[in-house]
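Assemble chain G onto chain C, guided by the hints.
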Amino acid sequence: MSRDGFLSRPLTRRTALTAATLPLLAPSARAQQRFTGREIVATAFGGPSQDLIQRLVYDPIARETGARGTQTPLLSANAFARMRAETQAPQIDLFMYSGGQQVAAKAGDLTQKLPDAPNFANVPANLKDADGQWIAWGLVTEGILYRPDKIATPPRSYRDFFKPEFEGHIAFPHITNGYGTDFLVMLAKTFGGSEQNIGPGFEALKRISGRANIFRSAAEVQTLFASGDIWIMPYDGASAMRSKAMGIPVSYAVPEEGAPYVLLTGAVAKRSRNADIASFVLNRHLDPEVQTAIAREIGWAPVNTATQLPPDVAPFMAPTDKLANLDRDAINANRPAWTDRFNREIAR
Amino acid sequence: MIEGARRGLIAAGLLAPAALVFAILFVWPQLGLFLQSLGGPPTFSRFLGDSYYLGVLGNSLLLGVCVTLVTLVLGFPLAFLLARAETRWAGLLLLLTTFPLWVSAVVRSFAWMVLFFRSGVASRFLQGTGLVAPDFQLIGTFAGVVIALAQVLLPIMIVTLYAVIRGVDRDLEHAAMNLGASPAVALWLVTLRLARGGVLAGSLLVFSLSVSAFATPSLIGGARAHFMAVTIYEQTLELLDWPFAAAIAAILLVISLSVALTYGKLLGEKTR
Numbered sequence: 001m002s003r004d005g006f007l008s009r010p011l012t013r014r015t016a017l018t019a020a021t022l023p024l025l026a027p028s029a030r031a032q033q034r035f036t037g038r039e040i041v042a043t044a045f046g047g048p049s050q051d052l053i054q055r056l057v058y059d060p061i062a063r064e065t066g067a068r069g070t071q072t073p074l075l076s077a078n079a080f081a082r083m084r085a086e087t088q089a090p091q092i093d094l095f096m097y098s099g100g101q102q103v104a105a106k107a108g109d110l111t112q113k114l115p116d117a118p119n120f121a122n123v124p125a126n127l128k129d130a131d132g133q134w135i136a137w138g139l140v141t142e143g144i145l146y147r148p149d150k151i152a153t154p155p156r157s158y159r160d161f162f163k164p165e166f167e168g169h170i171a172f173p174h175i176t177n178g179y180g181t182d183f184l185v186m187l188a189k190t191f192g193g194s195e196q197n198i199g200p201g202f203e204a205l206k207r208i209s210g211r212a213n214i215f216r217s218a219a220e221v222q223t224l225f226a227s228g229d230i231w232i233m234p235y236d237g238a239s240a241m242r243s244k245a246m247g248i249p250v251s252y253a254v255p256e257e258g259a260p261y262v263l264l265t266g267a268v269a270k271r272s273r274n275a276d277i278a279s280f281v282l283n284r285h286l287d288p289e290v291q292t293a294i295a296r297e298i299g300w301a302p303v304n305t306a307t308q309l310p311p312d313v314a315p316f317m318a319p320t321d322k323l324a325n326l327d328r329d330a331i332n333a334n335r336p337a338w339t340d341r342f343n344r345e346i347a348r
Numbered sequence: 001m002i003e004g005a006r007r008g009l010i011a012a013g014l015l016a017p018a019a020l021v022f023a024i025l026f027v028w029p030q031l032g033l034f035l036q037s038l039g040g041p042p043t044f045s046r047f048l049g050d051s052y053y054l055g056v057l058g059n060s061l062l063l064g065v066c067v068t069l070v071t072l073v074l075g076f077p078l079a080f081l082l083a084r085a086e087t088r089w090a091g092l093l094l095l096l097t098t099f100p101l102w103v104s105a106v107v108r109s110f111a112w113m114v115l116f117f118r119s120g121v122a123s124r125f126l127q128g129t130g131l132v133a134p135d136f137q138l139i140g141t142f143a144g145v146v147i148a149l150a151q152v153l154l155p156i157m158i159v160t161l162y163a164v165i166r167g168v169d170r171d172l173e174h175a176a177m178n179l180g181a182s183p184a185v186a187l188w189l190v191t192l193r194l195a196r197g198g199v200l201a202g203s204l205l206v207f208s209l210s211v212s213a214f215a216t217p218s219l220i221g222g223a224r225a226h227f228m229a230v231t232i233y234e235q236t237l238e239l240l241d242w243p244f245a246a247a248i249a250a251i252l253l254v255i256s257l258s259v260a261l262t263y264g265k266l267l268g269e270k271t272r
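Chains C and G supply the protein sequences, listed in that same order.
Residue numbers for the first sequence follow the UniProt record's numbering, beginning at 1 and rising by one.
Residue numbers for the second sequence follow the UniProt record's numbering, beginning at 1 and rising by one.
Excised from the complex, chain C in its bound form:
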């Protein structure tokens, strides 16, 4: 819910340049005008990412294949509601999710099998459905953000939050922010607990919360780092990249316990007649050039393992083999109880 903040970030200056050069890359002759006269409707996350994807994916596909693409901005929960409401006669073909809704969609028999496409093989098995009903095309990777000018040795583990020299310089998000929940779970895992045994996470959080700055909104990340008081916090790599672009020295470290992540996925409505175009569209999302552009401009990490990120982008995202897979069902089931406990024990 609160993670939707990352979906509406302003673009950097380089966008126009990237968008202008990419369509020149490899239009496939095989696909020449094969979807002429057809249209695909897809949901999108709005804002700069939607504009970028229009330029990098839908516009070139329209030129190459004749398929017109229309993106309609819908937050994941609303998109899922639409998918369910329009089961019999879908108005939208391709649904993009950032909140894990693709799992419920498949379980509710609302999706169909995606026709295979060349780039799908390069996506690790845990980031796509075993039955081919959905596939990820991007990641928001979490980890440790820190001020390299204040912290000489880059942090390597969630245990580093307990170094005495960081006392009074730590911030972490409230549990109602998705990253706050993930921090709690990762602390639990670091100290012998799990999603089912959250106690060690709360014990650990209690040790640092007394003098830590607990914040609620994503917009506060830059303010906190800019204040100079805050040196280290758990958040996503894209925020570090954005801070750096704003002139605030912030680096990102992948913790050795693994980086929690948010998946950006695509799934096709069961009765859509445009699964072939949808697959083509998702495949284009997964082109290494497009993956790189999305990483650079929006901060979403690539899932196509063939992607080579340039050195100015790579340090802000976790590679797919460093991810920590959290039990989202358990987390969602426990959320009310954890929030209550957090308010009483941590945010005092």
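Warning: the hint list may mix true and false statements.
If you only want the chain G side, here are some residues facing chain C, beta carbon under 7 Å, derived [to be verified]:
1. Glu-238
2. Leu-239
3. Trp-242
These aren't lab readings, by the way, just hints derived from the structure by calculation.
We treat Cβ as the ideally placed atom computed from N, Cα and C, and that holds for glycine.
Here is chain G on its own, set in the frame of chain C:
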């Protein structure tokens, strides 16, 4: 008799549009909210039987009282000066005092946050006085929320008091002084007493806006701000427990209404 009935009809006619709007846009939704709070497991006893939630309610009421006191103490002298200023700049000065209201609550709160961080000007000043710990910061504290809320609600207090003080007949003050009262006594016995309606109206406005404020307590208070509006937001949007959120909203409404009524009654009785 007929004259009286006609007057009654006219009064009802004049009241009808406002009453209709009030009924449709306030009473009806409030009723719906109340009914929603009755659905599912008991919500009111969950709130009232839990010291944590009672603490949240206490925080909100205390916030309302503190902000009202601060704005009253700071606002009255200013409103008095503006009302009595015999200059054509008075209007402009009054306009200037409303400036905080022109800025978005979010922008204003972010500005306060910069001042309230450990290295911010306001926190530095307090550290310099030696009254607080050297690493003290106003962000995330109750005092910080009071300061930021008082700043934005001060204009409301000033404008309300200004209108009432301007309506106080200065001849009454002069008469009191002619009868031997010192200016201070005249101010206390005449002006303040006649301006009580303004004090009441201003206080009620500031109090009700403070206890229900969301953006400022949430941003300045951060996660440690346990106030009613923030709790309602959390239950509604984060935890999707709408019956409980509705119950908290109903409790907030009833409690703040009773506080306001009691206050109004006390002040009203003293005026007589």
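Hint by hint, here is what the structure shows:
1. Glu-238: holds, 4 Å
2. Leu-239: At about 5 Å, which falls below the 7 Å cut-off, the nearest Cβ of chain C leaves the hint on G/Leu-239 intact, so it holds.
3. Trp-242: Nearest chain C Cβ about 13 Å off; hint violated.
Checked against the numbered hints given earlier, this structure breaks only hint 3.
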